[in-house]
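There are 4 protein chains.
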Amino acid sequence: MKKVGFIGLGVMGLGMAANLLRKGFEVAVYNRTAGKADSLLALGATELGSPSAVAGSVDVVITMISNDSAIREVYFGENGIFEGIRSGVTLIDSSTISPTLAKELAAEAEARSAAFLDAPVTGSKPAAVDGTLVFMVGGNADRLGEVEDILLAMGRKVIPMGPNGSGSIAKLAHNTIVGINVVALAEGMAIAASGGIDGHAFVELVQSGGAASRAAEMKGPKLLEGNYDVQFSLELMLKDLRLSSVLSDSLNVPTPLLEASKSLFQVGDAMGLGALDMSSVGQAYEQWIGRKLGHKG
Amino acid sequence: MKKVGFIGLGVMGLGMAANLLRKGFEVAVYNRTAGKADSLLALGATELGSPSAVAGSVDVVITMISNDSAIREVYFGENGIFEGIRSGVTLIDSSTISPTLAKELAAEAEARSAAFLDAPVTGSKPAAVDGTLVFMVGGNADRLGEVEDILLAMGRKVIPMGPNGSGSIAKLAHNTIVGINVVALAEGMAIAASGGIDGHAFVELVQSGGAASRAAEMKGPKLLEGNYDVQFSLELMLKDLRLSSVLSDSLNVPTPLLEASKSLFQVGDAMGLGALDMSSVGQAYEQWIGRKLGHKG
Amino acid sequence: MKKVGFIGLGVMGLGMAANLLRKGFEVAVYNRTAGKADSLLALGATELGSPSAVAGSVDVVITMISNDSAIREVYFGENGIFEGIRSGVTLIDSSTISPTLAKELAAEAEARSAAFLDAPVTGSKPAAVDGTLVFMVGGNADRLGEVEDILLAMGRKVIPMGPNGSGSIAKLAHNTIVGINVVALAEGMAIAASGGIDGHAFVELVQSGGAASRAAEMKGPKLLEGNYDVQFSLELMLKDLRLSSVLSDSLNVPTPLLEASKSLFQVGDAMGLGALDMSSVGQAYEQWIGRKLGHKG
Amino acid sequence: MKKVGFIGLGVMGLGMAANLLRKGFEVAVYNRTAGKADSLLALGATELGSPSAVAGSVDVVITMISNDSAIREVYFGENGIFEGIRSGVTLIDSSTISPTLAKELAAEAEARSAAFLDAPVTGSKPAAVDGTLVFMVGGNADRLGEVEDILLAMGRKVIPMGPNGSGSIAKLAHNTIVGINVVALAEGMAIAASGGIDGHAFVELVQSGGAASRAAEMKGPKLLEGNYDVQFSLELMLKDLRLSSVLSDSLNVPTPLLEASKSLFQVGDAMGLGALDMSSVGQAYEQWIGRKLGHKG
Numbered sequence: 001m002k003k004v005g006f007i008g009l010g011v012m013g014l015g016m017a018a019n020l021l022r023k024g025f026e027v028a029v030y031n032r033t034a035g036k037a038d039s040l041l042a043l044g045a046t047e048l049g050s051p052s053a054v055a056g057s058v059d060v061v062i063t064m065i066s067n068d069s070a071i072r073e074v075y076f077g078e079n080g081i082f083e084g085i086r087s088g089v090t091l092i093d094s095s096t097i098s099p100t101l102a103k104e105l106a107a108e109a110e111a112r113s114a115a116f117l118d119a120p121v122t123g124s125k126p127a128a129v130d131g132t133l134v135f136m137v138g139g140n141a142d143r144l145g146e147v148e149d150i151l152l153a154m155g156r157k158v159i160p161m162g163p164n165g166s167g168s169i170a171k172l173a174h175n176t177i178v179g180i181n182v183v184a185l186a187e188g189m190a191i192a193a194s195g196g197i198d199g200h201a202f203v204e205l206v207q208s209g210g211a212a213s214r215a216a217e218m219k220g221p222k223l224l225e226g227n228y229d230v231q232f233s234l235e236l237m238l239k240d241l242r243l244s245s246v247l248s249d250s251l252n253v254p255t256p257l258l259e260a261s262k263s264l265f266q267v268g269d270a271m272g273l274g275a276l277d278m279s280s281v282g283q284a285y286e287q288w289i290g291r292k293l294g295h296k297g
Numbered sequence: 001m002k003k004v005g006f007i008g009l010g011v012m013g014l015g016m017a018a019n020l021l022r023k024g025f026e027v028a029v030y031n032r033t034a035g036k037a038d039s040l041l042a043l044g045a046t047e048l049g050s051p052s053a054v055a056g057s058v059d060v061v062i063t064m065i066s067n068d069s070a071i072r073e074v075y076f077g078e079n080g081i082f083e084g085i086r087s088g089v090t091l092i093d094s095s096t097i098s099p100t101l102a103k104e105l106a107a108e109a110e111a112r113s114a115a116f117l118d119a120p121v122t123g124s125k126p127a128a129v130d131g132t133l134v135f136m137v138g139g140n141a142d143r144l145g146e147v148e149d150i151l152l153a154m155g156r157k158v159i160p161m162g163p164n165g166s167g168s169i170a171k172l173a174h175n176t177i178v179g180i181n182v183v184a185l186a187e188g189m190a191i192a193a194s195g196g197i198d199g200h201a202f203v204e205l206v207q208s209g210g211a212a213s214r215a216a217e218m219k220g221p222k223l224l225e226g227n228y229d230v231q232f233s234l235e236l237m238l239k240d241l242r243l244s245s246v247l248s249d250s251l252n253v254p255t256p257l258l259e260a261s262k263s264l265f266q267v268g269d270a271m272g273l274g275a276l277d278m279s280s281v282g283q284a285y286e287q288w289i290g291r292k293l294g295h296k297g
Numbered sequence: 001m002k003k004v005g006f007i008g009l010g011v012m013g014l015g016m017a018a019n020l021l022r023k024g025f026e027v028a029v030y031n032r033t034a035g036k037a038d039s040l041l042a043l044g045a046t047e048l049g050s051p052s053a054v055a056g057s058v059d060v061v062i063t064m065i066s067n068d069s070a071i072r073e074v075y076f077g078e079n080g081i082f083e084g085i086r087s088g089v090t091l092i093d094s095s096t097i098s099p100t101l102a103k104e105l106a107a108e109a110e111a112r113s114a115a116f117l118d119a120p121v122t123g124s125k126p127a128a129v130d131g132t133l134v135f136m137v138g139g140n141a142d143r144l145g146e147v148e149d150i151l152l153a154m155g156r157k158v159i160p161m162g163p164n165g166s167g168s169i170a171k172l173a174h175n176t177i178v179g180i181n182v183v184a185l186a187e188g189m190a191i192a193a194s195g196g197i198d199g200h201a202f203v204e205l206v207q208s209g210g211a212a213s214r215a216a217e218m219k220g221p222k223l224l225e226g227n228y229d230v231q232f233s234l235e236l237m238l239k240d241l242r243l244s245s246v247l248s249d250s251l252n253v254p255t256p257l258l259e260a261s262k263s264l265f266q267v268g269d270a271m272g273l274g275a276l277d278m279s280s281v282g283q284a285y286e287q288w289i290g291r292k293l294g295h296k297g
Numbered sequence: 001m002k003k004v005g006f007i008g009l010g011v012m013g014l015g016m017a018a019n020l021l022r023k024g025f026e027v028a029v030y031n032r033t034a035g036k037a038d039s040l041l042a043l044g045a046t047e048l049g050s051p052s053a054v055a056g057s058v059d060v061v062i063t064m065i066s067n068d069s070a071i072r073e074v075y076f077g078e079n080g081i082f083e084g085i086r087s088g089v090t091l092i093d094s095s096t097i098s099p100t101l102a103k104e105l106a107a108e109a110e111a112r113s114a115a116f117l118d119a120p121v122t123g124s125k126p127a128a129v130d131g132t133l134v135f136m137v138g139g140n141a142d143r144l145g146e147v148e149d150i151l152l153a154m155g156r157k158v159i160p161m162g163p164n165g166s167g168s169i170a171k172l173a174h175n176t177i178v179g180i181n182v183v184a185l186a187e188g189m190a191i192a193a194s195g196g197i198d199g200h201a202f203v204e205l206v207q208s209g210g211a212a213s214r215a216a217e218m219k220g221p222k223l224l225e226g227n228y229d230v231q232f233s234l235e236l237m238l239k240d241l242r243l244s245s246v247l248s249d250s251l252n253v254p255t256p257l258l259e260a261s262k263s264l265f266q267v268g269d270a271m272g273l274g275a276l277d278m279s280s281v282g283q284a285y286e287q288w289i290g291r292k293l294g295h296k297g
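Chains A, B, C and D, in that order, give the protein sequences.
In terms of UniProt numbering, the numbers along the first sequence are unbroken and rise by one, the last being 297.
In terms of UniProt numbering, the numbers along the second sequence are unbroken and rise by one, the last being 297.
In terms of UniProt numbering, the numbers along the third sequence are unbroken and rise by one, the last being 297.
In terms of UniProt numbering, the numbers along the fourth sequence are unbroken and rise by one, the last being 297.
Just so you know, the hints here were simulated from the structure itself, not pulled from any lab data.
Note that the Cβ used here is the ideal one computed from N, Cα and C, for glycine as well.
Wrong hints could be hidden among the right ones.
What the hints assert, rightly or not - In the DSBU-like style, the derived pairs of lysine-lysine whose C-alpha atoms are separated by at most 30 Å in a straight line are:
1. K292(B) x K296(A)
2. K103(D) x K292(B)
3. K103(D) x K239(A)
Claimed, not checked - Ranges between beta-carbon positions, derived for each pair:
4. G226(C) x G145(D): 37 to 43 Å
5. R291(C) x E204(A): 38 to 44 Å
6. S250(A) x E148(C): 52 to 58 Å
7. S250(C) x T33(B): 44 to 50 Å
8. E146(B) x R291(C): 56 to 62 Å
9. E225(C) x A111(A): 45 to 51 Å
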């Protein structure tokens with residue numbers, strides 16, 4: 001059975017690595033901040049001292065890290081992955097990074113006789129814990145075939161998207177839709193609440209009709225209750241929309257809804273909501289209309 | 001059993017009236033253009049010569065008509081509903097009209113010792129045919145209670161929304177979300193297609209992830225195939241967004257996504273797509289990116 | 001010399017009527033709220049008791065009133081203009097009203113053998129006082145020729161725009177540009193201030209370069225000083241943008257910048273800034289960036 | 001008198017360098033494409049073979065080049081400025097570059113005991129030829145003081161903006177306003193034209209009223225005549241708006257009008273208008289309304 005390295009034990013990474021261990025993979029882990037690996041060690045993981053050490057002792061390395069600059073550090077930095085990598089290793093990044101960086105990592109991996117797959121996921125903490133993530137993957141189809149069992153140990157579906165960078169592009173395009181759908185829900189709820197409609201009745205209607213969406217299913221209850229515990233933070237969504245805006249600029253695609261939504265998440269961030277769930281963007285509307293979105297009709 | 005009048009035998013109305021007949025209601029119908037009632041006559045309907053005649057011979061009148069000015073004609077015009085109405089009748093309008101007009105109709109009904117409910121629906125032709133519409137209803141709760149059996153003969157759910165006008169407001173807020181979600185899908189597909197991603201893989205991803213929506217379920221296949229047969233026409237969505245824009249203006253709700261989406265449907269309408277399905281708004285993006293949204297990756 | 005009636009003695013009307021008197025016209029005035037005419041009586045004006053009385057005793061009636069519903073009352077209401085009007089009279093409305101209402105007033109005037117010109121102005125209080133307004137006029141060119149001397153007694157230029165309604169349309173299109181230019185200035189200043197640039201240096205640059213505008217000339221100093229004394233109130237600009245949005249919808253013109261700007265003025269209005277100068281829309285940006293637009297670099 | 005080097009002899013650079021020569025400065029020039037310097041040689045310029053050679057033989061180097069990557073090549077590339085630079089030299093870049101790059105160039109210059117000023121200009125070809133440019137300058141005030149005579153040989157005004165990067169930031173904020181104002185004009189003209197208003201009368205009105213702007217002065221005639229000879233190309237404006245969007249993202253400033261305008265220039269670019277004057281963005285509106293903006297009323 002392939003030996004797997006896992007780097008980045010945040011809220012997503014912990015769940016993913018645990019699923020690998022439960023499915024019987026031998027897993028070596030590394031996290032910049034110490035003390036995160038304890039629950040995994042109990043499941044049989046080995047902890048190593050650097051990305052370089054991980055890359056030097058496994059067949060497949062998975063990274064799950066917050067942003068482009070942290071990824072860059074883990075791959076290119078001192079004691080980083082590329083310092084220790086052996087030929088033949090497959091690198092899989094499941095973070096949401098820019099397509100440009102994905103291609104850069106792929107080129108560097110190839111130069112070292114290794115392979116790289118950009119394999120971001122859709123699904124947040126619960127899906128990471130339950131092993132029901134969906135992977136969208138950019139990179140060589142044969143290499144993907146060799147590691148599909150590993151991905152399916154952590155998720156329920158693997159969708160090949162094309163050459164390197166395609167996974168990143170698909171993720172940004174996907175999350176653009178998520179961000180817009182969340183703002184759409186808040187905006188519709190703001191109209192309804194201002195018109196005196198009961199918030200719960202309206203959300204029931206939304207889910208019964210053509211306006212139904214996963215966003216409404218996940219965020220409707222949060223907006224009704226004003227419960228902004230994090231499923232996916234506003235600042236992470238803003239980060240993704242910025243990456244998507246730069247991407248669509250580089251592809252020369254006019255994206256008026258992406259841009260209008262990005263402005264709204266920026267307003268939310270400026271209101272100090274960055275660390276809350278992205279649905280807290282609804283608070284901008286609440287401030288404007290002087291009424292809660294969970295208005296009782 | 002209550003006698004029901006049905007006025008407006010378009011694509012929606014025909015299916016709704018047929019379901020009333022199938023459930024055993026006695027139904028008198030009227031349509032401005034002759035010859036539309038034939039299939040209903042075969043099911044036992046009676047055809048009358050004017051809205052006035054219908055309103056004078058039934059307990060409950062249902063109207064299903066395309067826009068504010070046509071509704072105004074049917075209710076207030078010569079040989080219109082208010083000319084023939086008897087006291088005690090309940091009027092139900094299931095069109096999508098402005099809340100202002102809904103309140104006006106309710107006031108006029110009350111002045112004639114009748115009642116009015118604004119009861120628009122979500123669901124398009126298939127739901128009208130199958131009797132699975134969802135009604136959102138504004139108006140007196142007792143009167144709604146008395147006619148709920150009639151509504152449930154045509155639909156699967158009735159959601160009370162508040163006083164008269166609330167049904168209209170809820171519908172416009174709901175359709176605002178629909179319109180935005182459809183453009184969001186097209187915009188995400190445009191980014192993906194421009195980035196070289198296969199359209200089918202991307203839509204599969206959307207439906208597997210947080211971006212999933214009824215809009216994507218209904219319109220994803222249409223956008224992939226460029227099949228713009230009408231489920232709900234672009235010009236009707238544009239009409240609803242305009243009503244919603246006027247409504248949100250009157251309620252003083254800032255609605256940047258509604259407005260950005262309205263502009264895009266206007267662009268689509270200007271491209272001559274008004275009579276096609278609203279998803280044809282995606283053709284604006286196709287023109288801009290010089291590539292089909294159903295791009296083969 | 002023609003006898004002139006003047007109805008509506010607000011901040012604009014007072015200055016305009018005074019200029020007519022100074023140029024030697026005989027002027028009969030009416031204002032709904034009493035006591036506004038005193039300064040004009042001192043200049044020789046006659047005060048009458050109703051719009052009807054004014055319309056019955058002059059050759060030309062000028063109206064300058066805040067909105068569509070007040071205009072409707074003055075023309076169509078009890079003791080209104082149309083009740084007292086004599087044949088041959090020319091009615092001139094210099095308010096900013098919807099083109100639809102302008103055409104309705106023109107039709108009613110024609111039915112009474114009178115004439116109507118929609119003649120809104122550009123220029124605010126100082127221009128009304130100095131007699132330097134610019135009139136844009138919709139209506140019959142011959143009738144306009146007959147009253148041009150009256151308009152030029154109050155303004156510096158008269159621009160014929162076409163048939164009735166054209167004056168209104170031109171005004172709304174014009175004010176759409178004004179509204180956008182004001183928000184553009186605030187947005188540019190917000191970027192500059194967030195980047196640490198001195199506000200005064202930036203406004204100097206704007207006025208020295210391709211970004212120069214009347215809006216920047218009028219509003220730059222106000223935004224730098226946070227002085228929102230009214231030149232033209234935020235709520236009036238919002239009213240105009242709403243009329244323009246309805247107009248452009250009816251003309252089927254996609255207007256993404258108008259709509260984005262309208263949303264911002266709505267945000268300003270929701271912040272309680274409606275009665276302040278429209279440039280106070282900049283306070284929305286100040287709240288978002290946590291810094292004054294008049295930032296000292 | 002200081003010896004000046006000038007690198008980048010495009011449409012702007014040629015005029016600027018000629019003014020330096022006319023004011024008596026000794027000027028050494030370099031351009032990547034040969035044959036551009038002929039008119040300057042006739043005025044007494046010396047032509048050198050590389051940026052490095054220029055930087056090694058003058059007191060002040062001015063660069064005027066199209067984009068970040070070309071600038072990077074000229075400064076950091078083989079035979080680039082930093083290869084040949086002597087200590088004490090002042091580098092002045094008058095291109096429109098990202099603030100990030102401006103700071104990077106300043107840091108590198110300081111490491112080589114030289115100085116850097118980011119000094120972009122407002123004004124297009126005619127101002128470069130006439131010597132009426134306005135310079136907005138980021139960098140050390142003393143170093144700016146030493147070269148102000150050089151800048152004033154090419155322009156009519158020098159505005160200090162703050163530390164390095166401030167010139168770039170000010171330029172992007174300024175051009176954001178320009179871009180929005182141009183689209184605002186086109187959008188207002190589209191409403192007017194659709195309403196049947198004569199285009200020339202409307203532009204006269206704009207320039208007579210509160211909607212007046214340098215953008216309307218420069219672009220109004222072009223939009224009326226459909227003459228899109230380049231003053232400033234659509235693709236360059238799009239480039240600036242993209243830089244401004246990235247900048248405002250990094251500063252966390254919500255910029256809904258910038259984004260809406262950027263989308264429109266992207267649409268224009270997608271229509272194949274990139275190389276035409278930026279006012280050709282009006283053609284998007286013309287396509288949508290099916291009428292020329294220079295409509296004869």
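Against the structure, the hints come out as follows:
Distance check on the hinted pair: K292(B) and K296(A) sit about 45 Å apart at the alpha-carbon level, beyond 30 Å; violated. For the hint linking K103(D) to K292(B), the alpha-carbon distance of about 42 Å lies beyond 30 Å, and the restraint is violated. Distance check on the hinted pair: K103(D) and K239(A) sit about 23 Å apart at the alpha-carbon level, within 30 Å; holds. Checked against the hint of 37 to 43 Å, the C-beta distance between G226(C) and G145(D) comes to roughly 32 Å, which is inconsistent with it.
In this structure, R291(C) and E204(A) meet the distance hint of 38 to 44 Å, their C-beta atoms being roughly 42 Å apart. Checked against the given bound of 52 to 58 Å, the beta carbons of S250(A) and E148(C), roughly 56 Å apart, stay inside it. Between S250(C) and T33(B) the Cβ separation comes to about 26 Å, which falls outside the hinted range of 44 to 50 Å. For E146(B) and R291(C), the Cβ-Cβ distance of about 60 Å falls inside the hinted range of 56 to 62 Å, so the restraint holds.
Restraint check, E225(C) to A111(A): a C-beta distance of roughly 59 Å breaks the suggested window 45 to 51 Å.
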